[in-house]
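**Q** Take these sequences, add in the hints, and give me the full structure.
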Amino acid sequence: MRLQNKVAVITGGAQGIGRAIALGMGREGANVVIADLQGERARSVADEAQALGPEAIAVEVNVASEVSVKRLADQTFEHFGRIDILVNDAGIYLKAPVVSKTEEDWDRTIDINLGGNFLCARAFVPAMRKQKSGRIISIASSIAHTGAREFADYAASKAAIIGFVRALARELGPDGITVNAICPGSANTDMPRRHRSEEETMARLRATPLGHILEPDDIAGPILFLASDAAAYITGQAYNINCGTVMI
Amino acid sequence: MNQVALITGGGNGIGRAVAHRMAAAGMTVIVADFDHAAAEQVRAEIVDADGKADALSVDVTVAREVKAVVGDVAQHFGRIDVLANIAGGSFYTKRIDDFTWAEWKKVIDTNLKGTFLMCREVAPIMQKQKSGRILNTASNYGVTGSALRAPYSAAKAGIIAFTKSLALELAPDGVRVNTVAPGPTDTPRVMEKETPEGRRQRWSSAIPLGRTGQPEDLAELYYFLTTPESAAITGQLFHCNGGLL
Numbered sequence: 001m002r003l004q005n006k007v008a009v010i011t012g013g014a015q016g017i018g019r020a021i022a023l024g025m026g027r028e029g030a031n032v033v034i035a036d037l038q039g040e041r042a043r044s045v046a047d048e049a050q051a052l053g054p055e056a057i058a059v060e061v062n063v064a065s066e067v068s069v070k071r072l073a074d075q076t077f078e079h080f081g082r083i084d085i086l087v088n089d090a091g092i093y094l095k096a097p098v099v100s101k102t103e104e105d106w107d108r109t110i111d112i113n114l115g116g117n118f119l120c121a122r123a124f125v126p127a128m129r130k131q132k133s134g135r136i137i138s139i140a141s142s143i144a145h146t147g148a149r150e151f152a153d154y155a156a157s158k159a160a161i162i163g164f165v166r167a168l169a170r171e172l173g174p175d176g177i178t179v180n181a182i183c184p185g186s187a188n189t190d191m192p193r194r195h196r197s198e199e200e201t202m203a204r205l206r207a208t209p210l211g212h213i214l215e216p217d218d219i220a221g222p223i224l225f226l227a228s229d230a231a232a233y234i235t236g237q238a239y240n241i242n243c244g245t246v247m248i
Numbered sequence: 001m002n003q004v005a006l007i008t009g010g011g012n013g014i015g016r017a018v019a020h021r022m023a024a025a026g027m028t029v030i031v032a033d034f035d036h037a038a039a040e041q042v043r044a045e046i047v048d049a050d051g052k053a054d055a056l057s058v059d060v061t062v063a064r065e066v067k068a069v070v071g072d073v074a075q076h077f078g079r080i081d082v083l084a085n086i087a088g089g090s091f092y093t094k095r096i097d098d099f100t101w102a103e104w105k106k107v108i109d110t111n112l113k114g115t116f117l118m119c120r121e122v123a124p125i126m127q128k129q130k131s132g133r134i135l136n137t138a139s140n141y142g143v144t145g146s147a148l149r150a151p152y153s154a155a156k157a158g159i160i161a162f163t164k165s166l167a168l169e170l171a172p173d174g175v176r177v178n179t180v181a182p183g184p185t186d187t188p189r190v191m192e193k194e195t196p197e198g199r200r201q202r203w204s205s206a207i208p209l210g211r212t213g214q215p216e217d218l219a220e221l222y223y224f225l226t227t228p229e230s231a232a233i234t235g236q237l238f239h240c241n242g243g244l245l
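If you're matching them up, the sequences are chains A and B in order. Counting from 1, one number per residue, gives the positions in the first sequence under the working numbering. Counting from 1, one number per residue, gives the positions in the second sequence under the working numbering.
In case anyone wonders, no lab produced these hints; they're calculated from the structure.
Here chain B is said to cover these stretches of chain A; the calculated rule only asks that three of the stretch's residues, wherever they fall, bring their Cβ under 8 Å from a Cβ of chain B:
| # | stretch |
| --- | --- |
| 1 | 216-227 |
| 2 | 235-246 |
Chain B stretches covered by chain A per the calculated footprint, using a threshold of three residues with CB under 8 Å from any CB of chain A:
| # | stretch |
| --- | --- |
| 3 | 162-170 |
| 4 | 222-229 |
The structure displayed is predicted, hence computed values, not measured ones. All C-beta atoms, glycine included, are put in the ideal place defined by N, C-alpha and C.
**A** Now the structure itself:
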């Protein structure tokens, strides 16, 4: 087990990719904090993680709220006394062309997807600094590289995460903390289904060079690697996981 | 099933560390190197540690040698699951106007053509198996360029684009192809020319993690890219440089 006795916080851990990451961390021996806006679902994933052996708790959080993120950090330290791994996966996805996108939707997307990275890093970095170790892994997206029609705010937030990660990696390197991003392609979760039929979704998911459907576990695997000691010398990177659909 | 990994440049530095990592994971490792004694040495180290290994010498720039060697490996071991193309080097540090054509060719051929020739011979075997992973080796200089290393930077940038193209060609057969880009790494070849202190002064402030890489740091990344955890990854570039880039 590569993450024995580590403490991992996974925002957006209640479903999809975040859930796969949380359960993967649990299987590798980490205690996990499932942090999600959907408290009920977070509790059910915490139960699943707990069944794997290590301890798991659920914390209801809005990553775009300073007060809420502070509460997440407080509860994490109260319960586990430390933080080793922060996975920033909480994000939203609101479809509209730029010309009709409301300012409220723009702010929500940027505040949650990008601002959440900032607030969570700010809340947990001091503890990582003190222990001179830590791993921060943020979920960006292939769309950071390609853009996507009617998701300009999402694309901008995800590209900004990569810039943020690179800057933070430089800030925290001297403290032995690594900071990396993962850019997944479209994965087999609820997200792509929100705006498409089931048939259309599956056809699109299958249409990759590898012909492999990108599953949440395909994204969790590389994150487990980045969280482990094996990736101690990797920082400031944005690794693509997309079955060959985008190569940049 | 016992996996077979063929590693060029396996006799020294990063290649040697990768050979050890793959062997530790239970693969049968074919250590291929221009320097046969070095390959033999690494083979012996692996066997001493209860691993499975063989050694052979190959000049990756010579098409018929590559063809013969890959043919022998395929015949003897029955399959090739992993090809790690690590043979390479910058060889010279000098201004472009001081490079002779022969020197230019040596750098381009050892790095880029060698990667092509190895892939050309191994890819059909992996396509037939409907599985395989190829790991090519670039460098941070393949992205940033480097004064005094023009042919090396060109060759490494070439490898990055070559890898993407090959990944698209081989994806339908389930063969994945990725590039690892090491940053400054303390290999014996590099350390011959530098002192640890000089190296520390040169790099520690430029590298956020405050140290140069060890071959073992890279070996972990090569190994990860052979595992099922990387099943959805192809055509990608993986820097491992302490945050230098």
